[in-house]
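Asker: The working numbering numbers the first residue of the sequence shown as 3 and each following residue consecutively.
Rather than coming from a laboratory, the hints here were simulated on the basis of the structure.
Among the hints, a few may not be true.
[Claimed, not checked] If you anchor each label on the Cβ, the simulated ranges turn out as follows:
(1) Val34 - Leu6: 29 to 39 Å
(2) Asn47 - Val13: 45 to 55 Å
(3) Asn17 - Ser58: 51 to 61 Å
The C-beta atom is built at its ideal place from N, Cα and C for all residues, glycine as well.
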Amino acid sequence: MKNLELKNFGVQEMNTAEMSTIEGGGILGDLVSGLTKEVIDITTNFVKSTVSFIGSTLGTIFGSL
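Please construct the entire structure, taking both the sequences and the accompanying hints into account.
Answerer: Encoded structure:
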């Protein structure tokens with residue numbers, strides 16, 4: 003097989019430092035980021051509600067003793 007000379011096609015070489023600073027993802031990355039944020043928000047609200055419910059229930063139980 004022949005080696006492709008990618009420079010003829012306008013492809014530039016990147017070193018490791020350059021690759022680590024390049025951001026990507028586009029639409030798929032935005033979708034995953036958005037879904038992750040929503041899942042974290044829903045989980046946080048659920049945990050807060052559960053802790054609040056348990057606290058008020060225990061307060062009622064111990065208050066009636």
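Asker: Output the indices of the hints that this structure fails to meet, ascending.
Answerer: The structure conflicts with no hint, since it agrees with every one listed earlier.
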